[in-house]
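Construct the complete structure from the given sequences, taking the supplied hints into account.
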Amino acid sequence: MGGKLVKLLADLKEQEALEFVEKALGKGVDPMNLLWDAKEGMKIVGHKFASEEYFIPELFFSGEILKGIVKLLEPHLKKEDETERLGKVIIGTVAGDIHDIGKNLVVFMLDVNGFEVVDLGIDVPVQKFVDAIKETGSTVVGLSGFLTLAFQSMKETVDAIKEAGLRDVKIMIGGGQINNQVRDFTGADAYGKDAMEAVKLAKGWIGG
Amino acid sequence: MEKKWEEMSPDEKQEAMFQSWLSPKDPEGNDLKFKSPEAEKLFKERATRIKDAIQMKKLPDRVPVCMFPNMFPVYYSGMTPQEVMYDYDKCSMAWKKFVLDFEPDTHMGCAAPGPGRFFEILDYKLYAWPGHGILPEHGYQCNEGEYMMADEYDALIQDPSNFFSNVYLPRVFGALEPFKMLPSLTGILEMYGVAFNFIPYGLPPVQAAYKALMEAGGEALKWAGVVGGFDGEMATLGFPQLLGGFTKAPFDTIGDTLRGTKGIMLDIYRQPDKLLQALDAITPLMIKMGVGAAQMTGNPIIFMPLHKGADGFLSDEQFKTFYWPTFRKVIVGLIDEGCVPFPAAEGGYNSRLKVIRDIPKGKTLWMLDQIDMAKAKEILGETACIFGNMTLSLLSLGTPQDVRDYAKKLIDTAGKGGGYIMANGAFFDNVKPENLKAMVDFTKEYGVYK
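Read top to bottom, the protein sequences are chains A and B.
Under the numbering used here, think of the first position of the first sequence as 1, with each following residue one higher.
Under the numbering used here, think of the first position of the second sequence as 1001, with each following residue one higher.
Note that these hints are calculated values from the structure, not bench results.
Check the hints yourself; a few may be wrong.
[To be verified] In silico DSS-like links for lysine-lysine, alpha-carbon gap of 25 Å or less:
#: 1; chain 1: B; residue 1: LYS1320; chain 2: A; residue 2: LYS48
#: 2; chain 1: A; residue 1: LYS78; chain 2: A; residue 2: LYS23
#: 3; chain 1: B; residue 1: LYS1058; chain 2: B; residue 2: LYS1044
#: 4; chain 1: B; residue 1: LYS1408; chain 2: B; residue 2: LYS1057
#: 5; chain 1: B; residue 1: LYS1320; chain 2: A; residue 2: LYS13
#: 6; chain 1: A; residue 1: LYS48; chain 2: B; residue 2: LYS1354
#: 7; chain 1: B; residue 1: LYS1033; chain 2: B; residue 2: LYS1096
#: 8; chain 1: B; residue 1: LYS1375; chain 2: B; residue 2: LYS1361
#: 9; chain 1: A; residue 1: LYS13; chain 2: B; residue 2: LYS1274
#: 10; chain 1: B; residue 1: LYS1361; chain 2: B; residue 2: LYS1044
#: 11; chain 1: B; residue 1: LYS1450; chain 2: B; residue 2: LYS1437
#: 12; chain 1: B; residue 1: LYS1375; chain 2: A; residue 2: LYS193
#: 13; chain 1: B; residue 1: LYS1097; chain 2: B; residue 2: LYS1044
#: 14; chain 1: A; residue 1: LYS162; chain 2: A; residue 2: LYS128
#: 15; chain 1: B; residue 1: LYS1274; chain 2: A; residue 2: LYS67
#: 16; chain 1: B; residue 1: LYS1320; chain 2: A; residue 2: LYS193
#: 17; chain 1: A; residue 1: LYS88; chain 2: A; residue 2: LYS43
#: 18; chain 1: B; residue 1: LYS1057; chain 2: B; residue 2: LYS1416
#: 19; chain 1: B; residue 1: LYS1354; chain 2: A; residue 2: LYS193
#: 20; chain 1: A; residue 1: LYS155; chain 2: B; residue 2: LYS1432
#: 21; chain 1: A; residue 1: LYS78; chain 2: A; residue 2: LYS39
Written as structure tokens, this is what we have:
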């Protein structure tokens, strides 16, 4: 019966998906299986986004459907049920920039694709990225920025990570005016144009 | 005898508007006195160059060149955004230095930083600015949020103005929160009962809000005096102001200002009919906003910053259903009143070109950012003057030679046969001054039509 919820979520059938989960729980279906199916559905959403079948409305909407499903499942899940994660990724909007819509989409897509995301928020000071790498042992860092001032902040962040002797982490950057020229300037390892490219990059570096 | 405004065709209205732009007046309404005959000659040449590029009837003498900065003039003058937001004369000085040092064909006024004290008096929530959530050395940034809730579409649709005055303003300005107690003014009908409507105006919190409003108005007036004075002074020195006013695409008004990105994107799925009705309801207001500004400034060019219709935001189908129809209505509504809509497509717009070309020829100006300009010229360039595409990464990180090489490519492709204005693709803060200079000087030299 696994396939049904995967498809309902991938097709963005909000009401049907929620009803399906409620009924399945009533029938005693393992909530972990339902959660797994929901995440599989989200992965399809991600692929459809990458292939330009889905766009921003679908990312937000699928996120809301998933939120609704998780809310139904939560009372039935045990703490130890937490699925194993592929690896940790640190994400933040760099110093001086408070834009978060793109960053939040990246955090969300990394999360549903199996990564543990350490979201440092917006206007993140350089040192906070350095500290987070030390504290979490994460091997991938994503720097987000919408404004041109972010070019410099990204460079300073990459430099600080290097100076702290932590440059074996992989660093990806993204945002409105970011391209490969900016990547070269900042010294980051890669630039991704959207949330699914961030997932692809993280998978390439961490595996999974 | 001269035709009355109502009797004129859109073409005639546009021409009349451009003539008024070409013949600036002083604040008393007399013909502007230029600093020198040379300044007057330059003013007319520059404005005519822009007009010819936009109208696409006559080949301009060369590709016009403009610069559309965000906070660059501030940094270039060694100041901070905080300083110019609180000292309007400094703001005007920074922008003056910027225009005089680079000598583009037009300027965009010095209104971008805005009056800091005004925002403080009203406790504006939609933006964070230097000293209020932003460091002194950075420009203001948007705090997007849900200032209209998902279940408030009916209220907006039925009475958009009342929604703005009694619901939106109290949420977006802390000092105007008491306005949520105000009555709907359409209840003031006849002798009996009239006074009931005025009770809220007697309440101390409402009166305090009005006091703040009056104080903010005074501050806005002070600021506007400097900003207007700047435009006047620049005109006397030979530089026309490109912008006659501003309005927005209805989808962005709801998405940026009221519902936020996430809100409006969810509405596409959860309440598409309400969203479509609301877009229709505010369309006439967006037209009126642009037309009113153009008539006040005597300048037909109406800026429209576009956000949520860019490549990657919406599917083609969603763009054609939710974004374009009312956006097009605003464009046509402005054109009918002689205006030149000036939409700025920040980000990519490659997938939209075939849709947006469906507009009257020679009546719009399109600022393009990350786009294949050869394609833009081929598709959109048939009906519209295109503007921009010098990328921010190149201006920030490239060399002057990189900029010249790219400018040459732009002039050779987009500039072919007129209908192109050289400029940056999106607003810039920190770029290399020598790169801007390279863009302007190279265009003046290489962009001459023979």
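Here is how each hint holds up against the structure:
1. Only pairs whose Cα atoms come within 25 Å are accepted, and LYS1320/B paired with LYS48/A is accepted, the gap being roughly 20 Å.
2. With a C-alpha separation of about 20 Å, the suggested pairing of LYS78/A with LYS23/A holds against the 25 Å cut-off.
3. About 16 Å separates the Cα atoms of LYS1058/B and LYS1044/B, which keeps this hinted pair within 25 Å; it holds.
4. A threshold of 25 Å between alpha carbons decides the hint, and for LYS1408/B with LYS1057/B the separation of about 23 Å falls inside it, so the pair holds.
5. Proximity of LYS1320/B to LYS13/A is assessed by CA-CA distance (about 23 Å); at most 25 Å being required, the pair is judged to hold.
6. Note on LYS48/A and LYS1354/B: the hinted pairing holds, with a Cα-Cα distance of about 23 Å set against a maximum of 25 Å.
7. Restraint check for LYS1033/B and LYS1096/B: the C-alpha separation of about 18 Å stays at or below 25 Å, so the hint holds.
8. Using a Cα cut-off of 25 Å, the hinted pair LYS1375/B and LYS1361/B holds, with the two alpha carbons roughly 17 Å apart.
9. A hinted pair counts as satisfied when its Cα atoms are at most 25 Å apart, and LYS13/A with LYS1274/B qualifies at roughly 20 Å.
10. In summary, the hint linking LYS1361/B to LYS1044/B is supported, as the alpha carbons are separated by about 24 Å, within the 25 Å threshold.
11. For the given pair, LYS1450/B sits about 23 Å from LYS1437/B by alpha-carbon distance, which is consistent with the 25 Å threshold.
12. For the hint linking LYS1375/B to LYS193/A, the alpha-carbon distance of about 21 Å falls within 25 Å, and the restraint holds.
13. With a CA separation close to 21 Å, the supplied pair LYS1097/B and LYS1044/B stays within the 25 Å bound.
14. For a cut-off of 25 Å, the pair hint linking LYS162/A to LYS128/A stands: about 14 Å separates their Cα positions.
15. Simply put, LYS1274/B and LYS67/A have alpha-carbon atoms about 24 Å apart, close enough for the 25 Å limit, and the pair holds.
16. Our distance criterion of 25 Å between C-alpha atoms is met by LYS1320/B and LYS193/A, whose separation comes to about 24 Å.
17. Among the hinted pairs, LYS88/A with LYS43/A is consistent with the structure: their alpha-carbon atoms are about 18 Å apart, no more than 25 Å.
18. Proximity of LYS1057/B to LYS1416/B is assessed by CA-CA distance (about 14 Å); at most 25 Å being required, the pair is judged to hold.
19. Taken as a hint, the LYS1354/B and LYS193/A pair is honoured in the structure, with Cα atoms around 23 Å apart against an allowance of 25 Å.
20. For the given pair, LYS155/A sits about 16 Å from LYS1432/B by alpha-carbon distance, which is consistent with the 25 Å threshold.
21. A threshold of 25 Å between alpha carbons decides the hint, and for LYS78/A with LYS39/A the separation of about 18 Å falls inside it, so the pair holds.
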